[in-house]
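Student: Below are the chains, spelled out letter by letter.
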Amino acid sequence: MMEILPNVTINHYLMLSVALFTIGAFGILFRRNAIIMFMCVELMLNAVNLTLVAFSKLWGGTDAQVFVFFIMVVAAAEVAVGLAILMMLYRNMHTTSTDVLDKLKW
Amino acid sequence: MKELIITSLLGISILALDIVKLRKAILPVIILGLLGTITSCILDWGHNENPFNNNMLLFDNYALGFIVILSAVTLVWFLISTDHFSGSESRTDLYALVAFSFAGAMILAAYTNMVMLFLGIEILSIPMYVLAASNKKELISNESGFKYFFLGALASSILLFGIALIYGATGSFDLPTIATAITTNGSGTILTAGLLMIIVGFAFKVSIAPFHFWAPDVYQGAPTMVTALMSTLVKGAAFAAMFKLFATAFAPTLDFTQTIFVVMSIITLLASNAMASIQANTKRLLAYSSVSHAAFMLAAVMLANTISPSVLMYYVLVYSVSSIVTFATLYHISKAQNGAEGFDAFKGLVKRNPILAGAMTLALLSMAGIPPLSGFMAKYFIIGAVIQADQIWLAVIMILSSAIGIYYYLKIIMAMFTPIENAGRIVITDLQRILFIILSIAMVALFFVAAFVK
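From first to last, the protein sequence lines stand for chains A and B.
The first sequence begins at 36 in this note's numbering and counts up one residue at a time.
The second sequence begins at 78 in this note's numbering and counts up one residue at a time.
Since the hints were derived computationally from the structure, they do not count as laboratory data.
From the three backbone atoms N, C-alpha and C, an ideal C-beta is built for every residue, glycine too.
Where hints are given, some of them may not hold.
Under the rule of at most 20 Å between Cα atoms (straight-line distance), these lysine to aspartate or glutamate pairs were calculated in the DMTMM-like manner [stated by the list, open to error]:
hint: 1; chain 1: B; residue 1: 214; chain 2: A; residue 2: 134
hint: 2; chain 1: B; residue 1: 213; chain 2: B; residue 2: 166
hint: 3; chain 1: B; residue 1: 214; chain 2: A; residue 2: 137
hint: 4; chain 1: A; residue 1: 140; chain 2: B; residue 2: 215
hint: 5; chain 1: B; residue 1: 424; chain 2: B; residue 2: 467
hint: 6; chain 1: B; residue 1: 213; chain 2: A; residue 2: 137
hint: 7; chain 1: B; residue 1: 412; chain 2: B; residue 2: 95
hint: 8; chain 1: A; residue 1: 138; chain 2: B; residue 2: 215
hint: 9; chain 1: B; residue 1: 412; chain 2: B; residue 2: 215
Stretch by stretch, here's where chain B covers chain A in the computed footprint (C-beta under 8 Å, at least three residues) [to be verified]:
hint: 10; stretch: 103-110
hint: 11; stretch: 119-125
hint: 12; stretch: 130-139
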């Protein structure tokens with residue numbers, strides 16, 4: 036394990052985070068379960084965190100690592116609000132599937 | 078910096094006043110707070126060029142100008158929507174959320190660092206998700222909040238990934254440093270990818286086609302007065318942020334981004350006007366009209382290196398005034414007839430409430446860009462700058478889409494002047510009557526203020 040680590044370059048981190056980010060984005064757009072969509076939001080934000088930390092190592096600064104903490108705090112606040120909205124929807128519709136959201140179209 | 082402190086304290090004191098059961102004092106405190114913000118901006122005007130907190134915020138004239146406009150819009154919104162939340166038991170929470178959202182808008186006008194850009198967008202948006210869903214029993218309000226939340230989160234993530242890639246390419250979050258790094262290093266794959274993701278993220282936030290599909294749904298489902306806030310405060314602040322970003326950090330890339338912005342503006346104008354002409358619901362029609370106005374503001378961002386920011390400020394101000402009037406009128410009309418939002422709801426308005434009908438007519442004509450109303454000058458400045466930049470096709474499509482705009486705005490105006498039998502009057506309070514009159518005068522007076530726009 037230890038001998039592989041020096042061979043991991045910035046490109047590997049970027050590929051991993053782009054993959055995570057894409058999975059998250061497609062999840063939000065195509066999944067029908069609101070809970071899974073929440074997980075996808077978190078996945079996207081964590082992909083960004085990974086990119087920032089990798090670039091921070093590359094540039095030798097700490098500002099990107101501080102930014103990661105801001106992103107974590109904001110993600111927590113965002114999910115708190117999102118779950119509240121989801122709870123309200125669940126009380127009215129008794130489901131977490133987004134298929135019921137068809138009142139607004141065209 | 079004082080302005081930001083005043084607004085944040087305003088939000089906290091609204092919540093505190095609710096706890097100590099001084100609900101009557103809330104509205105006066107809001108008015109005082111927002112007037113205090115405006116005063117402090119005017120006092121700081123021209124001699125406050127020092128950045129705060131290690132180049133995080135800069136309250137220069139650009140920021141102060143937008144803050145004055147946005148505080149005036151928020152103040153008018155608070156006064157005009159007093160009866161909207163009066164039935165709700167959580168009224169004070171909603172007021173506090175608007176104040177916090179406004180603090181986010183202020184950060185967006187004053188940021189000089191990508192970190193503050195992200196924080197500003199989130200502080201602006203998160204209260205808006207709650208406000209959009211604030212009509213708890215209504216299913217369409219739930220759906221609106223839900224869609225707004227998920228597409229907002231998606232947009233923030235895309236924007237954030239763009240910021241991370243820009244950091245990777247330039248090694249900084251500071252706007253001027255990014256600009257120097259781009260000029261010296263030239264553009265690479267990572268920079269281009271980051272730039273495109275930032276554009277897509279912003280396009281989601283300000284509802285530019287092809288990322289505008291959420292906007293009509295969210296605008297229609299949210300409570301009408303919240304929609305008014307979305308189409309004025311949120312849109313104005315997001316464009317202030319976008320203009321600043323492309324005027325400073327990405328100024329060296331404007332040649333590359335110009336083509337993208339031209340294509341996006343053209344798609345936005347065509348899609349929004351085509352969809353607006355076939356709507357039967359006036360709230361959705363106004364939402365599409367709001368999308369089409371975003372295309373004009375995007376053209377100002379596209380020319381960020383040649384155009385004066387006062388052109389964008391003027392557009393935001395003029396558009397906000399007419400937008401608040403249209404949504405407030407729609408609110409009163411649909412409240413008087415059980416939430417009806419079709420064209421029929423507007424029938425006979427000229428008899429039922431002449432002041433609302435007059436203000437609404439002026440606002441719609443101003444949005445359509447008919448002189449001597451301020452909307453004409455706002456569009457004139459943008460189209461003039463677009464022609465100077467040799468984007469003739471964009472200018473032609475802008476003028477054509479304004480012509481289509483007249484068609485669907487006139488449908489509402491025609492309905493207002495159609496007489497109907499036994500219609501009851503629509504009652505509004507004295508304060509609202511005065512505000513509608515002031516806003517109508519403003520729509521004409523701003524036409525002459527245009528002489529001061531550089």
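Student: If a hint holds in the structure, say so; if it does not, say that too.
Tutor: Consistency of the hints with the structure:
This hinted pair checks out: residue 214 (chain B) and residue 134 (chain A) have alpha carbons roughly 19 Å apart, not beyond 20 Å. For the suggested pair residue 213 (chain B) and residue 166 (chain B), the alpha carbons sit about 12 Å apart, so the restraint of at most 20 Å is met. As the CA atoms of residue 214 (chain B) and residue 137 (chain A) are separated by approximately 16 Å, the hinted pair is consistent with the 20 Å bound. A hinted pair counts as satisfied when its Cα atoms are at most 20 Å apart, and residue 140 (chain A) with residue 215 (chain B) qualifies at roughly 16 Å.
Annotation: proposed proximity of residue 424 (chain B) to residue 467 (chain B) is violated, straight-line Cα distance about 44 Å (limit 20 Å). For the hint pairing residue 213 (chain B) with residue 137 (chain A), the CA-to-CA distance comes to about 17 Å; that is within 20 Å, so the pair holds. Annotation: proposed proximity of residue 412 (chain B) to residue 95 (chain B) is violated, straight-line Cα distance about 27 Å (limit 20 Å). Between residue 138 (chain A) and residue 215 (chain B) the CA atoms are separated by roughly 11 Å; this keeps the pair inside 20 Å, and the hint holds.
At most 20 Å may separate the alpha-carbon atoms for a hinted pair to count; residue 412 (chain B) and residue 215 (chain B) meet this at roughly 14 Å. Residue count for the stretch 103-110 of chain A with a Cβ under 8 Å from a Cβ of chain B: 3. That meets the three needed, and the coverage hint holds. Note: the stretch 119-125 of chain A has 5 residues with beta-carbon separation from chain B under 8 Å; the three-residue rule is met and the coverage holds. For a cut-off of 8 Å, the count of residues in the stretch 130-139 of chain A with a CB near a CB of chain B stands at 4, and the three-residue condition holds.
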